[in-house]
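Visitor: So the chains spell out like this:
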Amino acid sequence: MATITRPETEDVELLRRPNIPSADVRLPAVKDYEQVDDEITATLHPTGQWFIGLGVAIAFLIVGALAWTYQIYSGLGVAGYNPPVMWGVYIVTFVFWVGIGHAGTLISAILYLFRAGFRTTIYRCAEAMTVFAIMTAGLFPILHLGRPWKFFWLIPYPNWRYIWPQMKSPLIWDVFAILTYLTISATFLYIGLVPDFAILRDREKNPIRKRIFAQLALGWRNTDREWRHFVRAYLFLAAFSTPLVLSVHSVVSFDFAMSDVPGWHTTVFPPYFVAGAIYSGIGMVLTIIIPLRKWFNLKHYVTINDLDAAAKLALFTSLIVGVSYANEWFVAWYSGSPAEKQFFANRLWGQWWWASSLLYTCNICLPLSLFSQWCRRNTTWLFILSIFINIGMWFERFVIVVPSLSHEFEPWQWAGYRPTWVDYAILCGSFGWFSMWFLLFIKQFPVIALTEIKEIVKPRLKFSHPRGIDTTAHPLPFMPDTPGEFD
Amino acid sequence: MSTEETESKGIKRRDFLKAVGGGVAVAATIGCESDKIEKLIPYLNSPDNTVPGVSTYYATTCRGCAASCGLIAETRDGRTIKLEGNPDHPVNRGALCATGQAELQALYNPDRYRSPMIRKGGKLVAAKWDDALQLFSQKIGEVRSRSVAANAVFINQHESGSFPAFLDQWLGEFGMPAHFSYDAGVDYEAVAAHTAAYGVAWPRFDFTAASLIISFGADFLDGWGPAVPQQLDWADARAKLTGAPRLVFVGPRRSLTGLNADTWIDCKPGTEVSVARALSGQMPVAQAAQACGVDAKRLQDVVDEYHAAKASLVLAGGHVARAAELFAAVSALNHANGAIGTTIRPDQALLGYEGITAPAQLRGLVDRMNAGSVPLIMVRGANPAYTMPRSTGFAAAMAKVPFKVSFSSIMDDTSEMCDLILPDHHSLEQWGDAEPIRGTLSLQQPAMDPVFESLATSDALIRVAKGDPATAAKYAFPDYRSWLIARMPGGEEGMRQALPKAIAAGTALARTAPKPALPSIAAAPEIASTTGDMYLFVYHHPVLGAGRGANKPWLQELPDPVTKLTWQTVVEMHPLTALKMGLDNSDLVTVSTGAGKLIAPVYLYLGIRQDTVAIATGRGQMHAGRYAKAGENAYDLVPLAENAAGGLALVSTKASVTKAGGSILLATTEGSARQHLRDIARAIPVGELEGGAEHHEEPEEEHFQGDASHEFLPGLRSPVATDAQGDFGDPTSKDKGMYAPDHWSNMAKRRWAMTIDLARCTGCAACVTACYAENNIPTVGADWQAAQILPDRTGFGANITRSREMAWIRLERYYEGGEDGSADFETRFIPMMCQHCGNAPCEPVCPVYATYHAPDGLNVQVYNRCVGTRYCSNNCPYKVRYFNWFGYGEPHRAQYAFPEPLNWQLNPDVTVRGKGVMEKCSMCVQRIRGAEHRAKLENRPLRPDEFTTACAEACPSRAITFGDAADDSWSVTRLIKDKRAYHVFEELNTFTAVVYLKKVNHPSPASEPAHA
Amino acid sequence: MRGVIGVFRELDTTCDAIAVLKKKKLGEFTVYSPTPRHEIEHAIDKGPSAVRMFTLIGGLAGVTFGYWIAIWISDYWPIVVGGKAIASWIPYTVFGFEVMILIGGLATVAGLFATARFPRITHTVGYDSRFSYGDYGVWIEPAPDKMQEAEQLLRDAGATEVRVER
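Protein chains in written order, with my numbering: chain A, 19 to 505; chain B, 80 to 1091; chain C, 126 to 291.
FYI, nobody ran anything at the bench for these hints, they're computed from the structure.
Be aware that one or more of the hints could be misleading.
Ranges of calculated distance between the beta carbons of each label pair, as one might list FRET restraints [claimed, not checked]:
{"hint": "1", "chain 1": "A", "residue 1": "230", "chain 2": "C", "residue 2": "152", "range": "33 to 39 angstroms"}
{"hint": "2", "chain 1": "B", "residue 1": "970", "chain 2": "A", "residue 2": "442", "range": "30 to 36 angstroms"}
{"hint": "3", "chain 1": "A", "residue 1": "133", "chain 2": "C", "residue 2": "254", "range": "30 to 36 angstroms"}
{"hint": "4", "chain 1": "C", "residue 1": "289", "chain 2": "A", "residue 2": "53", "range": "48 to 54 angstroms"}
{"hint": "5", "chain 1": "A", "residue 1": "233", "chain 2": "C", "residue 2": "215", "range": "43 to 49 angstroms"}
{"hint": "6", "chain 1": "B", "residue 1": "1084", "chain 2": "A", "residue 2": "345", "range": "48 to 54 angstroms"}
{"hint": "7", "chain 1": "C", "residue 1": "286", "chain 2": "A", "residue 2": "330", "range": "44 to 50 angstroms"}
{"hint": "8", "chain 1": "C", "residue 1": "277", "chain 2": "A", "residue 2": "197", "range": "56 to 62 angstroms"}
{"hint": "9", "chain 1": "A", "residue 1": "170", "chain 2": "B", "residue 2": "167", "range": "52 to 58 angstroms"}
What you are looking at is a predicted structure, and each value in this text was computed from that prediction instead of being measured.
We treat Cβ as the ideally placed atom computed from N, Cα and C, and that holds for glycine.
Sequences are here, hints too, so could you generate the full structure?
Guide: See below:
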C-alpha cells in the first residue's frame, strides 16, 4: 500500500470550509449515500392502498367532470349564482388553489435563498404540489365563464380579426401571471429532478422504466462541470421564482382590489393575499407530508425538527393574516363610507356571521396553539390543524368574494347566495384532479430530492478528523430528535 | 302545450305573408278582409309601400280595460311587434300602461284556441267553423223551438262602442234578452255612485285644479278607473311642484296611490265613512278617530287641512263592504266643497264605464241556473267562473246549464266549462269602435292577419243570422266591418280619412235595452261583527287586475308596483304583527274565512294596518293556461257580500290567520327597501324648493376633482383630466381629455342622456313592460324555467327567488321613516337602469372589450364578444347588468321564454341574447340608430326630441326624458340644468348620463314632514 | 478518447487526487460525484458559471417585450374603456414583470443546457453508474506516454479501482 501524498496546508484550509447546504439540519439515522438511494427508490413501487387512493381520486374527478358537462350544456344557471353575487364557489376555489400553489415555490425557492436547511427534505413534495395546484386553479377561470368554449379570447393570440384582449383588465393580468407561474414552477421542478432521474436511471432494473428515466435524465452524468452550472442555474431560478411568488398572488388580489366593490377595493390586498397564500400552502404541505412520511417510512428524512420549523412558519403567516383582518375592520370603520361600514357589519354579525366566525376560528385562534412546542412537535395535532387551516383559508376566500358582492352599493339589489350540488361536485372534482396528479407523481418520482439529501448526509471519509473535512453536524437549532421516533 | 303541437296546428309561414297582404289591404283600401286573400303575395311586386323590415303603423283601440285608450300598433312583415299609445287620442295622449302593452301577449298567447272546439265525450276537440256554427245555430234553434229563448243568457266582457248594442239587437232577433256587460275589474260601486252623484259613470278628475286630494281607498293611479289618463293628470298636477296638490290616502292598506300619498290615514276596513263624516263635521273627530282606530291628532290635521283647502277633491273606491254610506258621504262632501265642475268634470266624462252590469245581476243568475231554467249560456271574454267568488256558487250553477257556449279567444276557467267554443279574434285582429269621450269615436282596426283560425264574434253572429231565414233579411250586409262603415259618418270615405289616427267624430250605437231589475242584495254584515282575528283585505292585483292578465308572462313577471312580488300570491302583513305571531317573510300561513281557506307565504309590508292582512286576486286560475296557474286564488276567501248598488264587496270579513308551518322563498325583486344612507332616491321638501335653498343632503363639489370648467356640459358632469385620458394624476388640470372638442375620440360631439323626474314618477312600472316588449327581454319566472336541479325550486318564480329577473329597467321602492312600524312613512320610487357612465366601472374590467364607451356616450354591450366573466356586473355600482344564466332564447330548452307564437312578438331590430352573455339597458340603441339612419336618408341632422326610448314613450306620468345632452335644443338639456338634478353615486366618479330630478315632498301644513 | 478512470470510495481521497492532478498537469480531467460537494468544487477551483449572463439578457428582453406587447395591443385598436388612457403603462408593469420572469427563467435553463453541455444523447467513456450511487470518480485523459503515471497517481490517491478505457 503506497503512502498517500498529503495535501499542503492551504488545501487543508480549503477543505475545512463548511458544507453550506447542510447548515442547520442533520439526519442522524442516515448513514451514507447508498442508504439514501436504497430507501427512497424503494418507495417508488405501487402498493394496493395507492391504487385504491388513485381510484377514489379519479372517481371524484369524474363526478366533477360530469357536473361541468351538465353545466356547460344547461348554462351557468345550474350553479348557485344569485345576482348580484356573480362570482361564487368557482372563484373562491380558484383563489384557494392558487394560494396552495404558493407554498411550494416559497419552500423551494425562498427558503433556498435563505439557506433554511429544513426545506431540503420537504421541498420536492411542496414543489410538485405547487405545479398540480396551479394546474387545478387554472381550470376554474375557464370553468366559471358563461361561455367557456370562448376562453381563448382571453389569450393574446394573433388572429385574423385583429381583436386583442383588453389589457387593462385584471383578468388578463391573471392570465399572464398564472401561465408564467405554471411554466416557471414546472421548469423549476423538472430541473431539480434531472440529477435524481440520473440516479433512478442507474438504479432501475426494469428496462422500460430505465429507458424512460434515461430520457428524462437528459444524459446527466454528475460531472463537475454539470454540477457547477447546475448549482448556479438553480440559484438563479430560485431568485426568479421568489418575486414571482409574491407577484402572482398580488395579481390575483388585483381582481378584487382593482374593482370598486366595498370589501374588495382596498390596498392591503396584495400583501394580505400573499401571506394568506403562503399560510394555506404550508397548511397543505403539512396535510400532505405528515401522512407521506409515515406511509413511506421516511420519518428519519422528514424529521420532527423539519415539521417544527414548518409549523413555526405557519404560525408566523397566520399572525400576518390576523393583522390583515384587523386592518380591514379598522379601515372599514375609519373610511366613514356607509357602504364599507354596512358591509363589514353584515360580514361580521349579519347574514355571513357563520362564515366569518368559522374563518377566524380556523385561521387565527387554532394556530395560536403552535406557540407551544409540544403542539409543534405533535404530528397528529399538526395534521388536524393543517386540515383546519385548509378549511379556514377556503372560507377566507369565500368571505372575501361572496359577502362583498351580496351587499354592494345598491341596497335594492342585496341578496344572499346558495350553492347548488353542481358547485359542490365541481369543488370535489378539483380535489380529485389534484390528488390524481399528486398520487401519480409520488409513485413515479422520488418525493424527496435524492441528491440534495446526499448533500447533507455525512460523506464517506478515509481519514477522520483532523484530516480536514468537517463531518460533524452543526450547532443544533432544535431539540434533538426524540429517541425512537423513527420507528 | 308543447311546441310540436303548435307547429302542427300553428302558424305557417304563408300565413304571415298573407298577413302582410292583410295589413296592406287594410292600409290601402279599408277593404277586403283577410281570409279573402288566398294567394301568397311575393315581395317582387309589393302591392303597396310595404317594405320588408320596415314597420307599418296602425292606429287602433286598446281593449285591455274599459277605458279604451288609443293604440299605435307597430307591424313588421305582417306581425304586430309593439303597442304604443296614440298621441292624438284624447284619453291616453300617447301613454300606455303595462296592461295595455301586454295585450300583445294576449294576441300571441300560446294558450289561445287555435280553432273552434266542440266538447265530445267530455273533452274539447278541434272542429271546423262550419260545423261549430252549425251546432251553435242548431242549439239556438232548439232553444227557440222550446220557446225558452227568453231564458238564455249572454255574458259579454264589458266594452264600450257599438258592438254591445249590435249584440243586443242580434239577441233580440232570436228572442233572447239583452246581454250582461260584465267587467270584474271595474269598481262597480264607484260607477253607480258616480252615476248617482254626477250623472256620469266616470267623470274626469282634474287633479291640476285641486289643492288637496283625499282618496278613500280609490287607487286612481293603478286600477281604479282609467289609470293612464288619471296618471297623466296627476303627474301634471304634481309637476307644478310649489302649487301641487297634497294627497291624503284613507284606507287600511297603502296601494300605489297610497304610497304616492303625502299622508296616510290608516283606518280600519269599513270605517272610512267615519273619516268622511269627520270631514263633513257630522261626527266629532275624536269619535271618528276612535271608530277607525287612527291617531286623533293626525285625523284632526287632515280635517283642518280639508277645511282650509282652496279646491279639494274627494274620491272613494276599493270594493269595501257597506260602501253606500261612504259614497254618499263623499259625494256630499264634493257637492259641498264645490268640487263639481272644478276638480270633478262630468262634462269630460269617460264613457267607457257606461252600461256595466252589476255583479249582483250575475249572482242573480245562480238560482235560475241551479233551477235549470237557463237552457243556454253564452260567454264572451268575461270569465265569471273565476271572478265570481266560489261563495256565489256561480261556476257550480253554470255547470248545470245544458249547453254552454264560449266566444273567448283564450282558454280560461269559464270557457273550459263550455261545450262549444267559437274563438273570437283578438282586438288587434278585428274591427270595432269605442266612444271613450262623448262625440268622439275611437276606431278599432285589424293590425295583422289572425294568428289562429278564429273568427270575430260579430261576424260569427252575422253568419248565424244569415243562416236563419227568419233573420237573414235583417243581416244583408256582408260582415261587421261593412255594418260599421255604414254607421260611420261619411261612410267609407269618412272611415278612410279617420283610420290613420283612428279618431272620428260621431257616436257609437247606444244600448236601448232596459236594465233588468237588481235581484235582492246579499248585504254584507258589519265587518267588525264577523269572526276571525284579523281583517281580510282582498284587492284586485294592480297589473293582473281581476285575472285578465294572469296568462301573460310579462305581467306575471312584472313586480307588483307595491309589493314587488312576482308569480306568487302572498299574504301581506305588518312587520309588527308578524313579529307578534313569530312569522317572517316567506313563512307560510293559513288564511281562512267562512268562504274558504288559502295557504300562502307572508310578505311583510309596512303599508298595511297591524290588524289587517291583504291578498291580491288575479292568480291561481286552474284552467286559464300555463302561466295563469301561478299563485293562489284569493276569490276563494271572499264571502258572498254585496253592496247596495249590486257591486261585489271584496273587503267584507275578518279572517283567522294561523301559522301553516314551513316556508317558500318569496319570488320578490326587492332587496332592502331602505337606502342605508346611500342617497339614491333623493327628495326635497317643497318649502326649500320655493326658498330655492339647495342646502342639505350632500355637498356635491367635493366629489369632483377640478372645477366646473371640467364639466363638458353644464349640469351633465364629465370626467376630468385625471380620469379621461388627459394629464395623469393632476387634479388641477384643465385638460378635458377625451371630452375636449378636438379629441380624436369625438366624445364631445354627442352624449345620449336621460332625465327622470321623481316628482312625476308614480312607480306604476309601465316602463318596465315597455322595455320587455322593445328589447326582447325574456321572462324567467315560469315553473319549468327553473332548472330541475335547483334545491329551492319552488315552482313559479323559482328563478326570481335567485334574483335572476332580467328587467333592464327596474323600479326601486325605498321607504323613508316608519322604522318603528308607524304609518307615517314616505315612499320614494326610482327607476334604475344602466346609467351609461362617462367613466363606466364595468368597462375596464372586461377582458375582451365586450363593453366599451361609444363616441356618442353610450355604454355599449357587445353580446357576441362577451365570454361571461360577469366581472362587469360585479363592478357596476348600480347593479343594472343582467346575465343569461340559461338559454332563454333557445326553443328546445325548458327555459325557452317565447313559446310559439309568443316569439312572433320579438322585435326584429334586437338580438335575442344567447346563453352565457351579459346584457343591459342599451338606451334603445336600435331606435337611436334607426333615427340616425332616417335622418341620413333624408339628408338632415336629427331634429330635437325627434324620437325617444321605449320606457319614455310609454311612461304614463311623463317622468322620463331622453335626448342628446350635447345639443342645447333637446329638452333633456334644459332638464339637466334643473336645480333638482342629481346623479346617483356621484362620489364614485362614474359621471352618469342618467340624471334624476329630486322628488318633491309636500309635508302636511300642520305636522313636520314624515322625515325631516 | 483514451483515458483512465479511477473510482474512489471517499470524498477526502477524491479531493487529494484532484489536488495532486492539478499539480502534475497530466491533462484534462473530469470528476464524477453523486452530489455537488463544495470540497470538490474548491479543489477543482474553476471560475464562476456563465449562466448568469443568459439570465440577465433573458430578463431584459422579457421586460421590454412585456411592456411593448401590452402597449401595442392597446394602441392597435384604440377603444375607450372607463375613460382610461388607451395605453395605460402603469398597470402594464404587470405584463413587463411577468414576461421578464418567464423569458428570464427559460433563458436560464437554456444557459444551463448550453454551458453544462447537456442534454446529451450518449454516455461518453468513463462514466459508471456507481457515480450516481455513492462513489466518486476521476477521469483523466493524459498524453499516451503519461498513461502509466496517471494510473499510478490514482492508485496512490486511494482509488479502489483504476482502469483504462477508450
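Visitor: All hints are to be evaluated individually against the structure, with a verdict given for each.
Guide: Checked hints:
1. Under the hint 33 to 39 angstroms, the C-beta atoms of residue 230/A and residue 152/C, about 36 angstroms apart, fit the expected range.
2. For the pair residue 970/B and residue 442/A, the supplied restraint of 30 to 36 angstroms holds, since their beta-carbon distance comes to about 31 angstroms.
3. Separation of residue 133/A from residue 254/C is about 31 angstroms and conforms to the stated range, judged on CB atoms against 30 to 36 angstroms.
4. For residue 289/C and residue 53/A, the Cβ-Cβ distance of about 32 angstroms falls outside the hinted range of 48 to 54 angstroms, so the restraint is violated.
5. In this structure, residue 233/A and residue 215/C meet the distance hint of 43 to 49 angstroms, their C-beta atoms being roughly 46 angstroms apart.
6. Between residue 1084/B and residue 345/A the beta carbons are some 52 angstroms apart, a value that agrees with the proposed interval 48 to 54 angstroms.
7. Between residue 286/C and residue 330/A the beta carbon distance is about 47 angstroms. The supplied range of 44 to 50 angstroms therefore holds.
8. For residue 277/C paired with residue 197/A, a C-beta distance near 58 angstroms keeps the hint of 56 to 62 angstroms intact.
9. In this structure, residue 170/A and residue 167/B meet the distance hint of 52 to 58 angstroms, their C-beta atoms being roughly 55 angstroms apart.
When the structure is compared with the earlier hints, a violation turns up for hint 4 alone.
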